[in-house]
Amino acid sequence: MADTPLQVTGRQKKQEEAVSVVEVLGDAAKRSVAAVQDYALLSGRAVANIFTSPHYFQDTLEQMDFIGAGSLPIIMLSGFFIGTVMVLQTASQFIRFGQTSLTGDVVAIALVRELGPAFTGLLVTGRCATGIASELGSMLVTEQVDAMRAMGTDPSRKLVAPRLLAAVLMMPLLTALMDFIGLLGGCAASVFSLRLSAIEFWRRAIDALDFADLMQGFTKPVVFGFILATIGCYKGLTVRGGTQGVGRATTSAAVVGSVMIIVADAFLTKLALYLSDKIF
Amino acid sequence: MSTPAKEGAGFEPAIAFKDVWMGFDDGDVLRGVTFQVQERETLILLGETGTGKTLTLKMAAGLLTPDSGSVVVLGNEVSGMRESQLLPLRRKIGFVFQEGALFDSMPVAENVAYRLREDGVAEEEIEPRVREVLQFVELEDTLEQLPSELSGGMRRRVSIARALVNRPPIVLYDSPTAGLDPVTSQTIITLILRLRDLYGVTSLLATHRLQDGFALANFHFDPETKRVVANARNGNAAAAANAARTRFLVYRDGGVYFEGEPAEIANSEDAYLKRFLV
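These protein sequences, in sequence, are chains A and B. Residue numbers for the first sequence follow my numbering, so the first one is 1 and each next one is one higher. Residue numbers for the second sequence follow my numbering, so the first one is 281 and each next one is one higher.
Treat the hints with care, as some may be off.
Stated by the list, open to error - Straight line, CA to CA, 20 Å or less: simulated DMTMM-like cross-link-like pairs of lysine to aspartate or glutamate:
hint, chain 1, residue 1, chain 2, residue 2
1, A, Lys158, B, Asp399
2, B, Lys506, B, Glu412
3, B, Lys372, A, Asp154
4, B, Lys372, B, Glu398
5, A, Lys270, A, Asp213
6, B, Lys554, B, Asp502
7, A, Lys158, A, Glu135
8, B, Lys372, B, Asp384
9, A, Lys158, A, Glu23
10, A, Lys30, B, Asp305
11, B, Lys554, B, Glu328
12, A, Lys158, B, Asp384
13, A, Lys158, B, Glu398
14, B, Lys372, B, Asp347
15, B, Lys372, B, Glu321
16, A, Lys30, B, Asp306
17, B, Lys372, B, Glu292
18, A, Lys158, B, Asp306
Derived by calculation from the structure, the hints in this document are not laboratory data. Everything numeric in this text was worked out from a predicted model, so none of it was measured.
The task is simple: from the sequences and hints, build the whole structure.
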């Protein structure tokens with residue numbers, strides 16, 4: 001009677017050797033559906049655990065430090081150069097129309113609405129979802145997760161919920177930093193490459209943004225944080241095949257997490273644009 | 281030559297397996313296993329590698345659910361409980377994993393204190409209890425060391441300390457001497473023996489070494505001299521009681537091949553059992 005993917009059950013029914021293509025495809029489909037079900041179960045339990053006691057505040061703070069503070073260097077460095085590249089690329093087009101002063105508007109909207117959240121999501125997935133998957137995977141293969149369960153601790157509450165909460169809280173902050181540093185990079189490029197005034201750049205950038213842009217820009221990171229944490233935890237806690245399996249889970253966490261963030265981004269953008277038309 | 285499991289003469293067994301089947305995609309590992317462990321009894325679970333000893337321990341702790349059959353621990357039908365219901369029960373069970381399964385990012389003191397913190401024990405009470413239990417396993421100098429800095433035998437002893445820190449009535453040992461040299465193995469067995477005789481815990485010990493079982497059956501801890509002595513040399517009544525409280529269970533081909541007293545297995549002419557005596 002397994003009510004969590006962590007509660008391993010034995011074989012429910014002995015599988016006969018698959019002999020036809022249909023059976024092979026059928027088995028693959030069943031495994032995929034079971035994986036989605038397990039992922040949904042793990043995510044649902046983690047969300048429920050955030051809102052019920054006991055809480056692991058120390059673990060949550062440690063994860064906030066790992067995901068938030070630990071990601072600062074890559075976010076700041078990447079953000080600066082993303083802003084710089086944005087300005088150089090857009091200005092090369094605006095120069096043809098003599099409208100280089102519009103670069104501040106374009107860079108601000110693109111960064112806040114789209115590039116800031118997406119790049120932050122992808123970078124933090126690359127760094128943290130893989131870290132989470134490898135850490136939890138290593139704990140699983142060395143029986144530390146079983147030891148935790150044997151001592152009466154729910155791994156979902158102790159391991160998954162703090163990582164999920166930390167990622168959901170830290171992602172908007174990291175995105176805000178990415179946006180700001182990106183604008184700084186854009187400003188530097190505008191001043192030194194296009195000979196624009198820094199004050200003019202910032203004034204246009206700030207004026208270009210409205211509340212709907214900020215809503216869109218800070219809703220996406222919450223969803224991306226959810227995705228990267230749950231995918232990292234799921235891949236780590238379903239490792240099969242020892243240390244080699246940990247390696248596969250780590251790679252898989254990066255790939256699946258990144259793809260899911262890009263797919264979710266498309267749907268969230270459509271939803272945000274629809275809502276901004278209707279509400280704002 | 282399977283012997284039927286002995287009934288508890290009116291006492292509810294601490295652990296009871298009834299017709300337990302468990303397997304994975306490549307076949308059944310356990311086929312209808314039935315046995316009982318009475319309170320304060322030590323059951324030595326013998327078997328070759330892959331015969332399902334670890335599976336049995338994990339099912340007793342509710343870490344695995346059998347395909348069919350019943351597993352009852354301390355009066356709870358473990359095989360029918362949900363994970364959330366099992367968590368409180370597991371706090372009454374100590375589990376010593378084969379490789380220790382210590383949390384490798386925590387120092388020894390934190391590993392041992394883990395269960396107490398989970399139980400909400402006051403901080404000022406935790407340190408003396410951790411020191412006491414580490415003293416019991418003679419590792420009080422390793423408080424701040426990480427598991428990676430310890431030898432295999434020391435890790436096993438920390439694992440025992442962690443399992444007994446909240447004085448559970450049942451302790452499950454998964455091959456506690458596997459891969460250790462004879463001297464360290466003897467140290468571990470002595471610890472298990474002291475734990476049994478001082479605290480009266482019910483033990484289920486999986487091993488492939490018959491000598492571990494005989495050591496538990498033939499020796500006892502004398503609290504007066506604070507030494508481990510042979511049953512024949514000291515305190516006939518206590519010694520006889522200890523010997524009687526140790527039984528053997530041998531797995532073969534997924535089933536119970538033998539169940540009985542130390543003397544029965546020692547005097548057995550069965551070719552398969554004799555393989556363990558070598």
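Against the structure, the hints come out as follows:
no. : hint                : verdict
1   : A:Lys158 - B:Asp399 : holds, 14 Å
2   : B:Lys506 - B:Glu412 : holds, 16 Å
3   : B:Lys372 - A:Asp154 : holds, 15 Å
4   : B:Lys372 - B:Glu398 : holds, 13 Å
5   : A:Lys270 - A:Asp213 : holds, 13 Å
6   : B:Lys554 - B:Asp502 : violated, 31 Å
7   : A:Lys158 - A:Glu135 : holds, 14 Å
8   : B:Lys372 - B:Asp384 : violated, 24 Å
9   : A:Lys158 - A:Glu23  : violated, 39 Å
10  : A:Lys30 - B:Asp305  : holds, 15 Å
11  : B:Lys554 - B:Glu328 : holds, 13 Å
12  : A:Lys158 - B:Asp384 : holds, 16 Å
13  : A:Lys158 - B:Glu398 : holds, 10 Å
14  : B:Lys372 - B:Asp347 : violated, 24 Å
15  : B:Lys372 - B:Glu321 : holds, 16 Å
16  : A:Lys30 - B:Asp306  : holds, 19 Å
17  : B:Lys372 - B:Glu292 : holds, 16 Å
18  : A:Lys158 - B:Asp306 : violated, 33 Å
The earlier numbered hints that this structure contradicts are 6, 8, 9, 14, 18.
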